[in-house]
Amino acid sequence: MTQGCAAPAQTAHLPATVDLANEAVIQGTVLRDGSPVSGAYARLLDASGEFTAEVVTSEEGVFRFFAADGSWTVRVLAPGGVSVDSSVTAETGAIAGLEVAI
Numbered sequence: 581m582t583q584g585c586a587a588p589a590q591t592a593h594l595p596a597t598v599d600l601a602n603e604a605v606i607q608g609t610v611l612r613d614g615s616p617v618s619g620a621y622a623r624l625l626d627a628s629g630e631f632t633a634e635v636v637t638s639e640e641g642v643f644r645f646f647a648a649d650g651s652w653t654v655r656v657l658a659p660g661g662v663s664v665d666s667s668v669t670a671e672t673g674a675i676a677g678l679e680v681a682i
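Take 581 as the starting number for the sequence shown in my numbering and just add one per residue.
One or more hints might be untrue.
Stated by the list, open to error - Label pairs and their computed distance ranges (CB to CB):
| no. | residue 1 | residue 2 | range |
| --- | --- | --- | --- |
| 1 | Gly677 | Glu639 | 17 to 23 Å |
| 2 | Ser615 | Gly650 | 28 to 34 Å |
| 3 | Thr672 | Ser615 | 30 to 36 Å |
| 4 | Thr632 | Gly661 | 20 to 26 Å |
| 5 | Gly650 | Glu679 | 19 to 25 Å |
By construction, these hints were calculated from the structure, which means they are not laboratory data. Fair warning: this is a prediction, and the values are worked out from it, not measured in the lab. Where a beta carbon is used, it is the ideal one built from N, C-alpha and C, also for glycine.
Please put together the full structure from these sequences, using the hints given.
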């Protein structure tokens with residue numbers, strides 16, 4: 581079954597098919613009062629603030645982006661008008677982890 585252009589499943593574990601040596605990964609979890617938030621939107625903004633990508637958090641509140649090396653902003657949008665920005669630096673060969681409390 582073809583997935584088309586949809587984002588891959590957002591899971592806590594990096595898929596086995598990903599060669600981390602050749603990827604810069606930004607991954608995080610969205611939490612409210614310590615519990616995961618599913619269905620929130622995580623947006624990836626470049627260093628100039630331009631929109632680059634968006635995914636919906638999984639049941640575990642997880643989001644993941646594959647990005648170029650450099651400085652990024654992850655903007656989490658959740659019900660109730662919540663908007664939280666987090667700065668992160670992506671580097672090939674590493675997972676830049678975030679925990680976003682809303």
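Checklist entry - Of the hints given before, which are not true for this structure? => result none
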